[in-house]
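Engineer: Please assemble the complex out of the two chains, which come individually in their own frames, going by the hints.
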Amino acid sequence: MKEIALHLLDLAENSVSAHAKTVHIDVREDFRTNQLITSVEDDGDGMTEEMVQQVIDPFTTSRTERKVGLGIPLLKESAEACMGGMKITSAPGAGTKVEATFQHSHVDRMPLGDLPSTFLTLTLAHPEIHWVFTYTFNPPYKGSVRCYEFDDQPIKETLDGLPMTHPDVISYLRSSLEDGIAEARK
Amino acid sequence: MPNVKSLEDLKKIRDEALKKRDIKTPGARVQIVVGMGTPGIAAGARDTLKEFLNLIEAKGLTDIVVRQTGNFGLDSMEPVVKIKVGDEAEVTYGKVTPFVANQIMEEHILGGKVVTANVIPAEVK
Chain L
1471 MKEIALHLLD
1481 LAENSVSAHA
1491 KTVHIDVRED
1501 FRTNQLITSV
1511 EDDGDGMTEE
1521 MVQQVIDPFT
1531 TSRTERKVGL
1541 GIPLLKESAE
1551 ACMGGMKITS
1561 APGAGTKVEA
1571 TFQHSHVDRM
1581 PLGDLPSTFL
1591 TLTLAHPEIH
1601 WVFTYTFNPP
1611 YKGSVRCYEF
1621 DDQPIKETLD
1631 GLPMTHPDVI
1641 SYLRSSLEDG
1651 IAEARK
Chain V
7 MPNVKSLEDL
17 KKIRDEALKK
27 RDIKTPGARV
37 QIVVGMGTPG
47 IAAGARDTLK
57 EFLNLIEAKG
67 LTDIVVRQTG
77 NFGLDSMEPV
87 VKIKVGDEAE
97 VTYGKVTPFV
107 ANQIMEEHIL
117 GGKVVTANVI
127 PAEVK
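In the order they appear, the protein sequences are chains L and V. Quick note: the first sequence, position 132, residue 1602 per this note's numbering, numbers continuous. Quick note: the second sequence, position 41, residue 47 per this note's numbering, numbers continuous.
Keep in mind that a hint or two might mislead.
Cut-off 27 Å, straight-line C-alpha distance, at most; resulting in silico cross-link-like pairs (DSSO-like, lysine-lysine) [claimed, not checked]:
1) L:K1491 x V:K17
2) V:K11 x L:K1656
3) V:K90 x L:K1626
4) V:K88 x L:K1626
Calculated from the structure, these hints are not laboratory results. Please read all numbers here as calculations on a predicted model, not as lab measurements.
So that you can see chain V by itself, here it is in the shape it has in the complex (with noise of 0.2 Å):
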């Protein structure tokens, strides 16, 4: 059984990352935002963005934001969630499963491509 972590633990964590980390980039680049509305939930949301967590968490990605919010008024795409990478264009995504979690982080966050097979297109919104 670890100790159950504590504040010094954290402090050391912080000083840590603040020595690593060029503070010229105050903003993330990627912001992620599931939705975490009750039709969401329901279809797996917590799981996706847990999905996410994990990812930034095991490749160590400093520039990622991950946000919640309520319905999206898509309920049949649920989960869904949207990603803007930098000054490009958000893009919607619809049934992300931890599985399409993990394509959209490869292909798009990472590799720059959209992940064309989940995109909710703009006239269904």
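The shape of chain L in the complex, shown without the other chains (with noise of 0.2 Å):
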């Protein structure tokens, strides 16, 4: 994976798979602490302790009744490469979250990437899920914390019916995410 946005897609496939219906994605670039922190919450299926383990590392066991991908121990390895790490906190029935953390100025950290595009193709090609983004940016030096949340259920109850991939609408989603995110950070 070239960014971090796409990590964030991967992770958030992870919870469709898993049935979620509310999915919370959050990305908070803290320039005070140093760290750049990202949490994919769903309230899908969620897992046991065997499973997380599987999942953080698939060759160490021998079960394989679970399919099982690379995208979070690649993951988890570029966290901790870069100071940080990742943790899981799942059970069965009360969903997962996955939260990793980079040390921001890392050298070795992958770029964030394009947050409105992950966000964008996620909320139009899964319209069955309810979508919840924040972005906190905490400048260096001086100013205020700055957050900008994206939800999608009012977005879906003033829409009524109308497709989200409308033109028109695709352009009104695309320009608030990008608006959104660019005004947090300015």
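Structural biologist: Shown next, in the form of structure tokens:
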């Protein structure tokens, strides 16, 4: 993966596969603590302790009943290479939360990447899921914490059945996400 | 810096769209499904999907749904995209870069002619 935003897309796809109804994706760029923190939290099926171990390190176990990809191990490795780490909190029936932390200034940290595109594709391509995205920016030196939140529930209510992939709605969503994140970063 | 858009703007878009729309066709004519498993994402599936969205937006197409799904199991062919136009048989494309996405939009979805160079034949699947 070339971007953290692509990892988030990958994690969100796992949430979709786990039958999540609501997915929260949070990204926090904190220049005061020099950290980049991301989390993807869902209310899907959840995993047992054993399954969590397996998704983190699929090659140390011989159990094969569950299809496991390399998205999570790759993210863990990237985070640990940047003085950070990855944590999975999960229980069967209680959803899953995957948090990854990076040292913001680390030379090996992959770029955050195109967050608006990740959010836009998830919202449009999985309209049955309730998506909530937050982007928080804590600037260096001075200025206050700025936060942008995108919740697609009021948008769907307003659309009242008009498809999300209507061209004018795509423009609306794209510019909302792009401008919202850019505004928080200013 | 443009103002961050409000729900009021969205209401206007909705009313405008509903006014123009011939409500006789609730089902979309074209379905685009992009494989968004880990291999697909790593191969650039997000940019492919975004290109389709850009084209829909630029051309003002109202009869297309775009969805994403997990891994199709065709990792070496990623990004993989399935296109279904009306009642025609579904076509599976491989190695769909944004450039190929453009071709598919122009030739297949709008022109009715399958882009043979990128079709994954049935025996591979």
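Engineer: With reference to the structure, classify each hint as holding or not holding.
Structural biologist: Each hint, compared with the structure:
{"no.": "1", "hint": "L:K1491 x V:K17", "result": "holds (25 Å)"}
{"no.": "2", "hint": "V:K11 x L:K1656", "result": "holds (17 Å)"}
{"no.": "3", "hint": "V:K90 x L:K1626", "result": "holds (25 Å)"}
{"no.": "4", "hint": "V:K88 x L:K1626", "result": "holds (26 Å)"}
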